[in-house]
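Quick note, the sequences are listed as chains A and B, same order.
Counting in numbering that gives the first Met the number 0, the first sequence runs from 0 upward without gaps.
Counting in numbering that gives the first Met the number 0, the second sequence runs from 0 upward without gaps.
Keep in mind the hints are simulated off the structure, nothing from the lab.
Cβ coordinates follow ideal geometry from the N, Cα and C atoms, glycine included.
Take the hints with a grain of salt, since some may be wrong.
Unchecked claim - Using 30 Å as the maximum straight-line C-alpha spacing, the simulated DSBU-like pairs for lysine-lysine come out as follows:
1) A:K57 to B:K146
2) A:K205 to B:K61
3) A:K192 to A:K205
Unchecked claim - Label-pair restraints from in silico Cβ distances:
4) B:L45 to A:S116: 47 to 55 Å
5) A:T111 to B:T111: 57 to 65 Å
6) B:K72 to A:F112: 50 to 58 Å
Here is what each chain is made of, one letter per residue.
2 protein chains.
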Amino acid sequence: MRLPEHLGIIPDGNRRWAQDRGMSKEQGYDKGINPGLSLFYTCKELGIKELTYYGFTKDNTKRPTVQRLAFTKACIDAVKLLSKEDASLLVIGNTSSAVFPKELLPYTKRQTFGNGSIKVNFLVNYSWEWDISSICECNDTKPDLYKNIHSSDISRIDLILRWGGRRRLSGFLPIQSVYSDFYIIDEYWPDYKESHIHDALNWYNKQDITLGG
Amino acid sequence: MRLPEHLGIIPDGNRRWAQDRGMSKEQGYDKGINPGLSLFYTCKELGIKELTYYGFTKDNTKRPTVQRLAFTKACIDAVKLLSKEDASLLVIGNTSSAVFPKELLPYTKRQTFGNGSIKVNFLVNYSWEWDISSICECNDTKPDLYKNIHSSDISRIDLILRWGGRRRLSGFLPIQSVYSDFYIIDEYWPDYKESHIHDALNWYNKQDITLGG
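Build the full structure now, drawing on both the sequences and the hints.
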């Protein structure tokens, strides 16, 4: 079976999940932490080489404060849990903004935990405009775009999985996503099941990868 | 009904369509011209304000010469047909390369035909790297990315339709696509039907547009 090397994870639907259960929207976010860890274990076991989680974005921080605090805490908790695992971990986002959580600053340089067997990237206060704007400083007429973005340590993505049914990127790593395959799961992220990964990989195995050729 | 203002069109599957009929691959391309014109009429009638066709890319030009010549001719013919309609027409792509067809150079500055009732963009010898690399020349620490790319005259895209079943962007306008919804049609482009558009618009009407918020 042809495995993707790098999976992009868009864990959407936490608020809708909470509302469906009569909870307030912000109560959905911490229900996404265990799914993230389960997915990590499954991918590591399967031999996936790199995982990128879409934590939260600058766009997301415009939401009500109670939500912003809840998704920020969920991201902090998730990164701390991942740092106890066997992974090479990096948090990427705009750290110069007040909404970037100080607790995650130590992770904004890649660190190896355990044997660093799988590369894990976690986007926190990420913005596609912030990411790409650094191309402006490259002073090169034929720039290598992959090298000149803020997220240059994140590889090209083979397969993007999005939970919650929406069929869009919502600003997720536009440069690394130019050739990615997209796989949409209708269930909300807190309802993550291991079978979602297997179904996505079976689908990916049948795709013809051309890189635009 | 909430209509998208700008549709992106990825007309894929011409080669597979030809092969299914025992034709050689390159014979599929000119079967995509009439569908493109039908789609134009339907969108204009519906009141769509802007259409962008994915003609061919720099990546595509690596294909066998017989195919390159066939898709180049199909794009020239399509643009010439569109120039007889009521549209504001622009061809965008890297004109400094030898594979850019000279016949289309007059269209690389936007021209109004008829009343120019609908904005139509046609990507020819397009490359996402070429498009974005011009950000490098902007000399501004906080650049407006939409204004500094080569395709700055193409607006943000609301809905991208791709024929031929593949679920990927294949390098299509990465900046204008960051918030776009994706709608995939399994049928090949030469099998275009007006119902594809209506189905896509009905689907789009039910989506919740957040622009990442």
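Hints, one by one, checked against the model:
| no. | hint | in the structure |
| --- | --- | --- |
| 1 | A:K57 to B:K146 | holds (21 Å) |
| 2 | A:K205 to B:K61 | holds (23 Å) |
| 3 | A:K192 to A:K205 | holds (21 Å) |
| 4 | B:L45 to A:S116: 47 to 55 Å | holds (52 Å) |
| 5 | A:T111 to B:T111: 57 to 65 Å | holds (59 Å) |
| 6 | B:K72 to A:F112: 50 to 58 Å | holds (56 Å) |
Hint violations for this structure: none, all hints satisfied.
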